[in-house]
Each structure stands twice: as structure tokens, then as C-alpha cells.
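J.: Chains as they are written, first to last, in my numbering: chain A, 131 to 560; chain B, 131 to 560.
Hints are not guaranteed to be accurate.
Copies of the same chain look alike in the list, so a pair counts if it fits in one copy or across any two.
Derived DSSO-like pairs (lysine-lysine); straight-line CA-CA distance at most 30 Å [stated by the list, open to error]:
(1) Lys237 - Lys161
(2) Lys340 - Lys389
(3) Lys502 - Lys340
(4) Lys141 - Lys419
(5) Lys419 - Lys237
(6) Lys385 - Lys425
(7) Lys141 - Lys397
(8) Lys519 - Lys156
(9) Lys397 - Lys224
(10) Lys156 - Lys181
(11) Lys181 - Lys308
(12) Lys308 - Lys342
(13) Lys519 - Lys385
(14) Lys224 - Lys519
(15) Lys181 - Lys519
(16) Lys519 - Lys237
(17) Lys557 - Lys502
(18) Lys456 - Lys141
(19) Lys557 - Lys519
(20) Lys422 - Lys156
(21) Lys156 - Lys237
(22) Lys340 - Lys456
(23) Lys180 - Lys456
(24) Lys397 - Lys502
By construction, these hints were calculated from the structure, which means they are not laboratory data.
The structure displayed is predicted, hence computed values, not measured ones.
Protein chains: 2
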Amino acid sequence: MDHVRIGELSKHIDQTVTVKGWLYNKRESGKLKFPIVRDGSGYLQCVVSKKEVSEESWQAATDSTQESTLHVVGVVREEPRAPGGVELHVSDFKVAHLTQDYPITPKEHGTAYLMQHRHLWLRSKNQHAILRIRSEVEQACRDFFYNNDFTLIDSPILTPAACEGTSTLFETDYFGDKAYLSQSGQLYLEPAAAALGKVYCFGPTFRAEKSKTRRHLMEFWMIEPEVAFLEFDGLQNLAEEFVEYIVQRVVERRKEELKALERDITKLERIQRPFPRITYREAIDVLQKKGKDVKFGDDLGADDETALAEAFDKPVMVSRYPTSIKAFYMQPDPNDPEVALGMDMLAPEGYGEIIGGSQRIHDHDLLLQRIKEHDLPIEAFQWYLDVRKYGSFPHSGFGMGIERAVAWICGVTHLRECIPYPRMLYKIYP
Amino acid sequence: MDHVRIGELSKHIDQTVTVKGWLYNKRESGKLKFPIVRDGSGYLQCVVSKKEVSEESWQAATDSTQESTLHVVGVVREEPRAPGGVELHVSDFKVAHLTQDYPITPKEHGTAYLMQHRHLWLRSKNQHAILRIRSEVEQACRDFFYNNDFTLIDSPILTPAACEGTSTLFETDYFGDKAYLSQSGQLYLEPAAAALGKVYCFGPTFRAEKSKTRRHLMEFWMIEPEVAFLEFDGLQNLAEEFVEYIVQRVVERRKEELKALERDITKLERIQRPFPRITYREAIDVLQKKGKDVKFGDDLGADDETALAEAFDKPVMVSRYPTSIKAFYMQPDPNDPEVALGMDMLAPEGYGEIIGGSQRIHDHDLLLQRIKEHDLPIEAFQWYLDVRKYGSFPHSGFGMGIERAVAWICGVTHLRECIPYPRMLYKIYP
């Protein structure tokens, strides 16, 4: 090991180490300089004293510019007031690569400019924190399902059938056939649930929607569990257990990053089971009492979702939507067949829907009827119908869009900052 | 919990439980029946004794067919000879859904037929075992990098530039622009390494290659780490540490599945560091001594790789290939500029290349020169060049194709069985 990562320095108190990284910022005070070095694992305050270093080192510290590559040697000292709890008392300071005219300065830049420089913007403190949290969320998702004995089933991205209309699908030529980029792995998970019981997929999904809101991306990651013999109440239990787990894990392991984002952690600490559950019919009542012009059969808009969620400081699960506004595969409620055993989980603080899920129809003939009612091509769904033909079983699953969950956890408004290289309307660079 | 998963039954010895699953197979012997039930978590031998169950249960056990959905109640008994170490002494046996004419019978079917029924074939014992191992490998990959403080950076699938020729790229329309499905996340990881130090991506990659060999898929998953300030020797250390970890983890946690596949586990137990390392120049010598018609500058074919690997019972790392046959971004060897600091790791037993990696050029002008020499569009690489312009740093990374690693670990010949829904030439169903 020729150098130590900044995040590991607290294990090297009073030792001489080499740190490699980039100049983040620099304060100066006469014969002392305080360069802050970042290396991706943390931020380190260095102390360069003119009388303790060579002339070359002093000159290098003087010349170093924002984002120059640095090799710094020094002794690690405990310093509770410094970020990371340590400081480096420098004995040798080298600029390995001098950066000139770095395009992103500490002054304010417009978002379009920053997005055009996304490959560099990633180095900024907030973007760094968001991406560290995203990474934690994704690992937490995988650990949750792994620890609960789910099998990961990577569903295909290239799919043959246009299941629900082609208007929002990206299309490609597949050796003379048409293929479409997947919008969900669910249909592929259901046969796999018959093979493996508890399965999940987690991959990129695509939506070619001419939409420019802060809540849409053309390419986003979605995690989808599917469980054999799980019925609707159990599905809601699974969803709340899952969300509690990932939020508390970030609170526990990504404190520094939440702090960098000035996130109110008490709001996240509150995300503990049980979550409130209301039905769609109850939701319509609540909204009507608030004076909203909605009635049974209407889809809920973003404003409605916010109005519903503001009564709670935890995510709320809204269940049993009218079958007419939900996907063809949702199991009707046996006690109220006008509605389906589907639910959306709405995050607090106006972040809107983060999860959508349902129990699936497991009766072959009912599913066939729905496919016909929705004018879907029966042939393309033959293999999906097979799941109901050969050893049918009740089963349920949900999907969570990662960027929406990350935006909520980070307290960030725009989804575009919650994915390393966002793909937006007309924007596919770099 | 209304039922217990088969994999959990050993925690319920002498308790009465309900199991839900599918009939895998059935033996009968007079007034005893031994249905084997599978539920994705394991296989359970049930004992149904005519004198201990109701007439309905006996009839249900008699009528049950392969892949019928079952609800079985009984007492869990220890039975070391049974799969999973337990047996269920049945008190109640119900067929929840009777399967008729299941298309995949225990007799032999051709591969084309099985692939056409991939959504059902997943339920077969070997396919189940392979997918459980795949899932373990993928989690092991993620755990390895998470535990080593890497940040997951999901690189984009939709990319604007055709970096290395468009002939093997899937193309799609992106709101009037052309976009291509990614073949590697590497270029996007390099700027992220400047932001986060140690990063990796792990997602689907695409190759529209008119190739029909057992070692090609159009859509496959690849894991790619990229590390700031890591040079070539360190890269080889990382690759061997990584491969040892995932193989030993499967050996440790997926014994049942390896046994189901009749995999020789001793061959996997041997996969311990250090792995042998030879240079390309040495490899050419070895091959020439074996009478092969190869010379410096030739790419190594699959036969050459097998011939090289057969001398070792561990993966072998072949390094320092001629720059002329390697990618434009590879750092030349300072001691031998005709060759690049790149390496391929070849699996034993003829499984061929599983990893390819390199140190990347970090000098701006040299990289620019290479981009020109390769006739690549400079404009499309401007952001990639920026990594060398602003705080450049030596860095290295590799990529491992998951299906190839899984095929080797499972001892399976064809990649198509190592992914849930393979995408092959002209084959995109289901």
C-alpha cells in the first residue's frame, strides 16, 4: 500500500502516511496553508507550515489549484473539529498534475451548464454525497432481499412484445425483428417465482416519454420483488419492512453525506413500521373534504398525492384503486370487485409515489379475459398465461424506482441529480 | 406466517407446518406415497401413508401431477438421507391447482424446445441450481466491492457516441438523435473514479454480433471496477482477490446447488491466490513450443487460450499484449512500449477469458494521439479527455462477464443456461 485513503486515516493516528487526491479548497494565513484534499472517501484538512517543509513543497502548496492532483506526505493527528476527525501535518507536498481553468468553480453555475459538465460535476460535494447515498441504498436493497433468501433474477432488457402500447417504448432492430427496451421486469419475474419462490430483479428500465418534469428520467433503475404464495396484506408488510430497512440503513451508515446535504435526519429516523394504510375510496373522501375536485375512478395526480401524504410523517400506502385505472394483471378485490388489490406507497414531504405493487391475477381465464379487454395481443402473452396454466399460485410483487427513493432520502428536488449520468428529454451527453 | 419455506424446515423439527409448492416427482409403494415437493428454496420428501390421512388427502396425492400446486400439512422429521435432511409426515394433502400436460417431462427434450419454454424450464433442477449460483455470484460481487469501500456507479445504457464502430451496436432513436446500447461502462467510470476514488458498475451490456457460438449472448451482465491511483500490478492483485472471493463464496454457500450440477468442487476449492501470471510474449513462446502457428502481434483465439490455460489448475493472467491489438485507451508499458499494460484472465478447464482489464492512459496528449490513430471522433471523446485535463491520475480497471464466470463455476458448457432469459441470434422469446 503506497497510500492511505482519507476515510481510513483515523486508523493511522500519529503515523506518517501518503495521501493521494485532489485539491478541493485552500485557506491561507501567512506562513500557514490549509489545503483541503478529497479522494472520494472523504475530505482531509492538511496543515502546511512554511518552516516545516522544503521550499519545493511550500511552492507546490502555493501553486496548487482547485482539482490539481496531489501527493501529500505527513503525520495524521486527531482533530475533532476537522472533517473526519483528523488533520494531516504535512512534511512533503507535491502537485502530480496541475489543473488549469477548472470549469466548475465554487461560484454558482446554472444547471444546464453543470449537466453539460456532469462528468466533472460528480466531484462536487453535494453530488458526491448523493451518489454515495445512492450506492448505499442500492446495496441495502440487495442485502435486504439476499438476507431474506430471494434469488436475483436479471430480467431481460431487450423484449419482443410491446405489452402496453409502444408510444413510450424505445425500439431497436433485433436481427430483422423489432425489440423494445424493458419498462419493467415483472412479467419475467412471475414464471421465475414459480421456479424459485422469492425472486427480485434490479436493473435499468426505460421510458421514452416526452416529459420534462423534475420527476422523470428516460432511463432509471427499478427494483422489483415477486413472491409466490404472497397475498395482498403480506405484500404491504413486505413493502414497509423494505422501505424501513433502506432508510434506517442510510441513516446509520451515511450520516456524513446526509449532513453534507443538510438533510433533516429526524425526519428519516421516524420512518419506522407500521406505515399508515388507507384505501383509494378513503383517499377520495379525504381529498373531497379538502375541496379537491376528484371522484371515484379518477387517477390521483401529483398534487393529490402531496395532499394525501401531508397528513403523515411516514410513507402512506394507498390501496385498492379502481380496476379501470390500473394494469390488466391486478387481482380484483374479492370483497369489492370494482377495485384491484394494488397499492401505491407515497413518500412524505411531497416526494410522491415511490412504490407501486399488486397481487397478480392467478386465474387463467380471468387473466385471459383482461388481456382481451385491454386489446393486448394474446399470442405475445402466451408464456405469461402459462404461469396460470401450469401450477398456478397466488403471488404479489412491487416495484420501487431508485432515483425517487434516493431523492426523498437525500431531500433533493430533482431526480436528475440522483443518477450518475441522467438521460433526459433531448439530453444524452455525456 | 401461514406456511414455511422448505429451506427453513430444519428449524421446525417435530413441528406441524404447512408447505406450499409444486409437485416435482412422486414415488409410490402400495399404501405409501412419497411425493417430492419443491418451492424454490429446496426439495422436500413427503410421506403420505394411506392409513394416516383422510380419503380426500389420499386421493389428492394420487391425482397430483407433475407441477401441480400443493398445500401440504405435516410434521417435520429429521431424516439425514433425505434432501435437506428432513422429511414431512403428511396429515393433510391438497392440490390447489391441478396441472395438466406439463410441457417439460422428465424425459429428454431438445435444447430448442427447452429454450422455447424457458419460462417453464427455469423450474427444472439444473436450471434452478444454476440460477441460484448466478444470484450468489452477483451478490458476492457486490459484497466484495461494497466491503472494500467502492461506490456503485450505474453507468448509462443509452449512450450517444459510437465509441468503437457501430457494427456490433444496437441502435435506437432518442428523440431524433441516435443512441446506442452500452457495451461497457468503463468510459463513464473513469470520471467517477476522479470523484469517488474507487467505483464499479454492474449492469447489462449489449453486443449485436452475428455470432452463434456457445460463448456469446446479445445481452449479458458485466461488472467493472475502476480505481484511482491503482497501477497495473495492483490491478492484477485486485482481479485475483476478487475471483478467489466469489469462487470460495459459492463453494461455501451453494454446496447443494453445485452437487445438483455434479460439479467437481475440489477444482473450485483450488482457486486460491496467487494465480499464475505470464506475459503475452511468454504465451507466444509456450504456444509456439506446442506447435501452434502464432507470432507476436496475433490475437489469441479460443484454442490458444485453452492451450495456455491447460498448464494450470487456477486462472492464469496473461498480460502485456501488443498495443496494436488492444483498445486505444490502454497505457503502454514504459519498459516495452510495443505492449500495453492490459491483461486477460483465462479460467481453467477450457472456459477461456473471464476478465479483461488494463491500466488506462492518463496523459492527455498521448490519449488524444491514440484517439486520432484509431480514427475515433475527437468531439465525442472530449469529456473523456477532460479526465486527463483536470487533475489527471493513473487508474486501472477490469471487466468480468458474469455469465462466463457462472458457466465456469457451474461447469456448464453453454452461456445460454447461465442467464434467466437469454438473448441469442434471432432468439428473443419469451
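J.: Each hint should be assessed against the structure and marked as holding or not.
T.: Structure-based check of each hint:
1. Lys237 - Lys161: within (27 Å within a copy, 84 Å between copies)
2. Lys340 - Lys389: neither (35 Å within a copy, 51 Å between copies)
3. Lys502 - Lys340: For Lys502 and Lys340, the Cα distance is within 30 Å only inside one copy (28 Å; across copies 37 Å).
4. Lys141 - Lys419: Answer is neither: 59 Å inside a copy and 51 Å across each miss the 30 Å cutoff.
5. Lys419 - Lys237: neither (47 Å within a copy, 64 Å between copies)
6. Lys385 - Lys425: neither (43 Å within a copy, 56 Å between copies)
7. Lys141 - Lys397: neither (32 Å within a copy, 38 Å between copies)
8. Lys519 - Lys156: For Lys519 and Lys156, the Cα distance is within 30 Å only across copies (20 Å; inside one copy 68 Å).
9. Lys397 - Lys224: Neither way: Lys397 and Lys224 sit 44 Å apart in one copy and 48 Å across, limit 30 Å.
10. Lys156 - Lys181: For Lys156 and Lys181, only the intra-copy Cα distance (18 Å) is at most 30 Å; the inter-copy one is 85 Å.
11. Lys181 - Lys308: Neither, since 71 Å and 59 Å both go past 30 Å.
12. Lys308 - Lys342: Both: 27 Å inside a chain and 19 Å across chains, each within 30 Å.
13. Lys519 - Lys385: This pair counts as neither: shortest intra-copy Cα distance 50 Å, inter-copy 33 Å.
14. Lys224 - Lys519: between (70 Å within a copy, 18 Å between copies)
15. Lys181 - Lys519: neither (82 Å within a copy, 33 Å between copies)
16. Lys519 - Lys237: between (63 Å within a copy, 21 Å between copies)
17. Lys557 - Lys502: between (38 Å within a copy, 26 Å between copies)
18. Lys456 - Lys141: neither (54 Å within a copy, 40 Å between copies)
19. Lys557 - Lys519: between (44 Å within a copy, 24 Å between copies)
20. Lys422 - Lys156: Neither, since 54 Å and 60 Å both go past 30 Å.
21. Lys156 - Lys237: within (15 Å within a copy, 73 Å between copies)
22. Lys340 - Lys456: within (22 Å within a copy, 40 Å between copies)
23. Lys180 - Lys456: For Lys180 and Lys456, the Cα distance exceeds 30 Å both inside one copy (70 Å) and across copies (47 Å).
24. Lys397 - Lys502: neither (46 Å within a copy, 53 Å between copies)
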